[in-house]
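Those protein sequence lines, which keep their order, are chains R and S. Position 193 of the first sequence, counted from 1, bears residue number 193 in the UniProt record's numbering, the numbering being contiguous throughout. Position 157 of the second sequence, counted from 1, bears residue number 157 in the UniProt record's numbering, the numbering being contiguous throughout.
The set of hints was computed from the structure by calculation and includes no laboratory data. Just so you know, these numbers come straight off a predicted model, no measurement behind them. Incorrect hints may have been included.
[To be verified] In silico PhoX-like pairs for lysine-lysine, Cα to Cα no more than 20 Å straight-line:
hint : chain 1 : residue 1 : chain 2 : residue 2
1    : S       : K268      : S       : K170
2    : S       : K235      : S       : K150
3    : R       : K385      : S       : K220
4    : S       : K268      : R       : K268
5    : S       : K385      : R       : K235
[Stated by the list, open to error] Covered by chain S, according to a simulated footprint, are these stretches of chain R (three or more residues, beta-carbon under 8 Å):
hint : segment
6    : 182-195
7    : 344-350
8    : 369-375
9    : 422-428
For each residue, glycine too, the CB sits at the ideal point set by N, CA and C.
Number of protein chains: 2
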Amino acid sequence: MKPVKVGIAGLGTVGSGTVNVLQRNAQEIARRIGRPIEIAHIGARRPNPACNIDGIRVSADVFELARDPELDILVELIGGTTTARELVLTAIEHGKHIVTANKALIAEHGNAIFRAAHERGVDVAFEASVAGGIPILKALGEGLAANHIKWVAGIINGTGNFILTEMRDKGRDFAEVLKEAQALGYAEADPTFDVEGIDAAHKLTILASIAFGIPLQFSKVYTEGISRITAEDIKAADYFGYCIKHLGIAKDTGNGVELRVHPTLIPKEVLLASVNGVMNAVMIDGDAVGPTLFYGAGAGAEPTASAVVADVIELGRALTVDHDERVPYLGFHADAMSEMPVLGIDEVECSFYIRLHVQDRTGVLADITRILSDKGISIEAMYQKDVDDNEPVPVVLMTHRIRESAMREALEQIAALEAVLDDIMRIRVETLDA
Amino acid sequence: MKPVKVGIAGLGTVGSGTVNVLQRNAQEIARRIGRPIEIAHIGARRPNPACNIDGIRVSADVFELARDPELDILVELIGGTTTARELVLTAIEHGKHIVTANKALIAEHGNAIFRAAHERGVDVAFEASVAGGIPILKALGEGLAANHIKWVAGIINGTGNFILTEMRDKGRDFAEVLKEAQALGYAEADPTFDVEGIDAAHKLTILASIAFGIPLQFSKVYTEGISRITAEDIKAADYFGYCIKHLGIAKDTGNGVELRVHPTLIPKEVLLASVNGVMNAVMIDGDAVGPTLFYGAGAGAEPTASAVVADVIELGRALTVDHDERVPYLGFHADAMSEMPVLGIDEVECSFYIRLHVQDRTGVLADITRILSDKGISIEAMYQKDVDDNEPVPVVLMTHRIRESAMREALEQIAALEAVLDDIMRIRVETLDA
Chain R
1 MKPVKVGIAG LGTVGSGTVN VLQRNAQEIA RRIGRPIEIA HIGARRPNPA CNIDGIRVSA
61 DVFELARDPE LDILVELIGG TTTARELVLT AIEHGKHIVT ANKALIAEHG NAIFRAAHER
121 GVDVAFEASV AGGIPILKAL GEGLAANHIK WVAGIINGTG NFILTEMRDK GRDFAEVLKE
181 AQALGYAEAD PTFDVEGIDA AHKLTILASI AFGIPLQFSK VYTEGISRIT AEDIKAADYF
241 GYCIKHLGIA KDTGNGVELR VHPTLIPKEV LLASVNGVMN AVMIDGDAVG PTLFYGAGAG
301 AEPTASAVVA DVIELGRALT VDHDERVPYL GFHADAMSEM PVLGIDEVEC SFYIRLHVQD
361 RTGVLADITR ILSDKGISIE AMYQKDVDDN EPVPVVLMTH RIRESAMREA LEQIAALEAV
421 LDDIMRIRVE TLDA
Chain S
1 MKPVKVGIAG LGTVGSGTVN VLQRNAQEIA RRIGRPIEIA HIGARRPNPA CNIDGIRVSA
61 DVFELARDPE LDILVELIGG TTTARELVLT AIEHGKHIVT ANKALIAEHG NAIFRAAHER
121 GVDVAFEASV AGGIPILKAL GEGLAANHIK WVAGIINGTG NFILTEMRDK GRDFAEVLKE
181 AQALGYAEAD PTFDVEGIDA AHKLTILASI AFGIPLQFSK VYTEGISRIT AEDIKAADYF
241 GYCIKHLGIA KDTGNGVELR VHPTLIPKEV LLASVNGVMN AVMIDGDAVG PTLFYGAGAG
301 AEPTASAVVA DVIELGRALT VDHDERVPYL GFHADAMSEM PVLGIDEVEC SFYIRLHVQD
361 RTGVLADITR ILSDKGISIE AMYQKDVDDN EPVPVVLMTH RIRESAMREA LEQIAALEAV
421 LDDIMRIRVE TLDA
């Protein structure tokens, strides 16, 4: 089947991430859509060493893409609102479907863009414009579509969240942490957009429209930044049981919608309070589902590309499949299922927690550790509780990673030791590192 | 436009929740789809006082629905795998699209059901079968479709998580907490399905297929329950910096897939460790997006109905809209946007954190509290730090809920007091209660 032809306008951080994801996962993506994606045209003034575009047509003028009759989809990643707006409207005029990561463009010009797209019969997808890799617009507009949404509250600017997290963890003041964030590349030289909440206000505008079915109204968002927060405030909030987060909040009060971005005290025990560093998270409270939370990376080349390419896949599916199975039942097409084997539990490798009770006599621990070591199992941590004489002694240990089968054999031998008093508890350990 | 006609088979907890959500949010749902949903036929042996089905055709034999030529969609909520399988296959034969919340049915008979549906050209949607109201299948199969999924790890059984949370918080043993869970209605009289991990294994089977594009293979899931975990283990894990959760884990190791449900130690600082009580959460690690987490209610009438009705909306949209705009750009159709006003910040009501520095002299606090009280602002908590003589004294207070305008006026008056030394910090407080 003929590939879905995509043009990518802009080859900066997100553009190169998009090229890399489309190339690296080309096979899996084709299994999901039913046919391959081809990057047929790139619009960029210069190549980006972060990706390989050998053999792909490149135009310095991005408007060449808008007019390219070959393209099914134009991916707008040039940023800004002036040229980007013109580019998107020109591409729509030429019948291209649009994917964009541009929150300012959608928040400020979305109403006009959607009107034009509707007239021309094309789709506009912008999942990447809010909270980067988190599929939050899909969750809100489709996954939770049964609900009357009561409110949405999100940490939707990673720079601001990084700064507030550092201020809290290290007791340092705003200006100092901002410098560090700039050195690490988390904050721009001119940080206004992030720390004064304009970026978050763009995203909140989009979230609110999808939550409540209201037009995009960026100019009506109340916006307050975090630059006035002091280390003293963070400490005082903590004293009262709160932490300070920079939130975007959209709430249906029954007689109107609140749209506001500002520093906010939230109770330390709510999940949102545990979202730290550059990570983003959005809470949604729906009348049927209750409180939900969606967490992930809100920025960066590949997390943003994850959302851009998801939109490309969605449009690719719509251009490909029959009505009966718009999204394949199991995400991948039935004739493209993998025969990857399911491994038996003996082949699984992880760390283990082991707890047993032994008689308090010399040599028992030596026996246990010898058996473990014979099976190649090394101990990461251990403790043995002091108890009264002649009481069974609890021994608890954590091992390094080892195959399940080795652990099973070792535990069988340990269980056979005379000094081991009852069943041994064995629980697997996962650190859930990315 | 003629409504989308839906038949609901089964009027238990989830069935009545589905009726209630479809009725209560009928207007918003119609704005999302472009035409209304009509519950045209219910299959139930008896009415359920939890919902009102006046005027709706009811059949005691659910197979009447499968054969009803009026219906576009059959919603299967009878549970079990024998009759449910036959019902779904019969409805597919008669050209109905299917929505189901039945994890056992999909995990054990999904491959055959999808084959039949594909041949007949109908869709089968089952978002509610995994993690209740969390739109996790959509996130995995669509929102994160650009990624090669590395692993999925989830708390996907609320009963088990409630028991482990109680054991940890109260230092109590399994058997005792299980009884409490049964009394609260969180655990069945026969709790095997939940606490031995069979329910979680059904859900993991479905998650793994969508993550990796492998056929549903329920029989290959390794399953271990939580009934052997003791209070001693939970305490020992805590000592090492871990907490114990009952996880379903699906991992692509590169030479096969691990599918396993078992108690797991996870570091206390990962977000999943903060998911407590009956709540569910699923972590997904994708090669582009990195770690993500999706949190919400995993069971209950309306959270499950939220997912059932989202699937009905999705099918309703597919049956309604033209290709250009399968999901409306902003979730709601352009001609159905709300004119709900956006409120000014002065109309917003919330609690406030106030921090200021004052001269250490008699009467200052009295002045401040008088101004607040004149504006109807009451103080929830307050502290004043001891400092050396003649130093500025920091005063921090938290108020009860009050309109922004009243607070602004009060703060203007307080700022004008001679004893108030510098800018007053005012931060809004949100408890994020559902």
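Evaluated hints:
1. S/K268 x S/K170: Holds, at about 17 Å.
2. S/K235 x S/K150: violated, 31 Å
3. R/K385 x S/K220: violated, 39 Å
4. S/K268 x R/K268: holds, 15 Å
5. S/K385 x R/K235: holds, 12 Å
6. 182-195: It is violated, with 0 qualifying residues against the three required.
7. 344-350: holds (count 4)
8. 369-375: Not satisfied, violated; 0 residues make the cut.
9. 422-428: holds (count 4)
In terms of the numbered hints stated before, the structure departs from hints 2, 3, 6, 8, listed from lowest to highest.
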